[in-house]
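Undergrad: Below are the chains, spelled out letter by letter.
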Amino acid sequence: DAGVTQSPTHLIKTRGQQVTLRCSPISGHKSVSWYQQVLGQGPQFIFQYYEKEERGRGNFPDRFSARQFPNYSSELNVNALLLGDSALYLCASSLRRGYSYEQYFGPGTRLTVT
Amino acid sequence: RKEVEQDPGPFNVPEGATVAFNCTYSNSASQSFFWYRQDCRKEPKLLMSVYSSGNEDGRFTAQLNRASQYISLLIRDSKLSDSATYLCVVNSGAGSYQLTFGKGTKLSVIP
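Respectively, the protein sequence lines represent chains V and C. Residue 51 in this note's numbering sits at position 51 of the first sequence, with consecutive numbering throughout. Numbering-wise, this note's numbering comes out as the position in the second sequence, counting from 1, plus 114.
Next comes chain C alone, as it looks inside the complex (with noise of 0.2 Å):
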């Protein structure tokens, strides 16, 4: 099983849409978990960190789930510049920097 496992891709929506991406992770003793947006030859920038109660910024609501090791992504009104690929990310345990990555579920929002 693979450390991170995201939805294959990619999602191709209508402006205005409502998308959502999930993820499992199998690392039990992860404790931060985030999402990256990585624009086409660009750095991954941070999205949200995600907490256990969820949270939310704007059009985007995190959730986890640690009893599942889930995390979910949900975006809301959908527009042109959401277009991107996100990245789901764990750290490997308490106290630890060292993220892994899932492989990323690319978005395309249409006009």
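With the rest of the complex left out, here is chain V (with noise of 0.2 Å):
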């Protein structure tokens, strides 16, 4: 079975520009979630799209936003980059196992802005 997949694998832009990234959940997942990780910390919660509505935010600005599509999969927009929004964004899909959801991540999208 496919795992999560991300696209683009790498991107650069310059700041002040606008980026878009894409995420296709496993098969029969409909949640989605995104994560923000820079280097030497662990993955930061930016979003959680269940069945096309938002469940969850983390403490980003206004300039991050998300949306899931009726197939599950996502995009998440960033507008006006800074520099410090260079990281390894993060898209995970979940599974829920009882109580727990357990939720597998792409190979995620490597955001460098110059």
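You can take every hint at face value.
Computed list of lysine-lysine pairs in DSBU-like fashion (alpha-carbon distance at most 30 Å, straight line):
id	chain 1	residue 1	chain 2	residue 2
1	V	K13	V	K52
2	C	K193	C	K217
3	V	K13	C	K159
4	C	K193	C	K220
5	C	K193	C	K156
6	C	K116	C	K217
7	V	K30	C	K159
8	C	K220	C	K156
9	V	K30	C	K217
10	C	K159	C	K116
11	V	K52	C	K159
12	V	K30	V	K52
13	C	K156	V	K30
14	C	K159	C	K220
15	C	K220	C	K116
16	C	K159	C	K217
17	V	K13	C	K217
18	V	K13	C	K156
19	C	K217	C	K156
20	C	K159	C	K193
21	V	K52	C	K156
22	C	K156	C	K116
Heads up, incomplete: computed chain V residues facing chain C, CB under 7 Å, no partners named:
id	residue
23	S31
24	S33
25	Q48
26	P107
Since the hints were made in silico from the structure, they are not lab data. Yeah, the Cβ is synthetic: ideal placement off N, Cα and C, and Gly gets one too.
With the hints as a guide, dock the two chains, each given alone in a separate frame, to form the complex.
TA: What follows is the structure, encoded as structure tokens:
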């Protein structure tokens, strides 16, 4: 079975530009979450979507937005890029096992802002 | 207090050694607990979910103490392939998909 896929794998943008990152979840998974990971830190939660509705939002500015489509794929948009937005952006799709919500990550998009 | 705190690393151990990672979390409403491993410049991969009764998967054993808000991971008979960063992860509360990650502990298994 195919895992979580993300595109593009790498991206270089300049300050002030906008970027769109894409994610396709594992087949049958209806929840997608986005995380930002900067070097030396664990991933930080940005958004979670379930059945096309936003179910959770982390402590990120309004420049960050996302959406989920009817096929459960998702996009993360970041406007007015700052140097500090340089990071690995991870998408995870989720499967509920009882009370546990196991999340499986895609390979990520490495964003560099210059 | 940080939401999820892990042992500072790095841990450098010889092949065959037993190594233990510890983690504490601050959100008493958390209900789901995990250990992920992350190789350099790769995505985190789910290693184990952690259950109240403790669980074992081959050389890996995870324990959870809800009263102390403490999670542990034990790796027996370390292999070179175990070299990675180990991330302690908890969810934000009942029914929440939001995961909070520790900073991770880097393990290097030395021949």
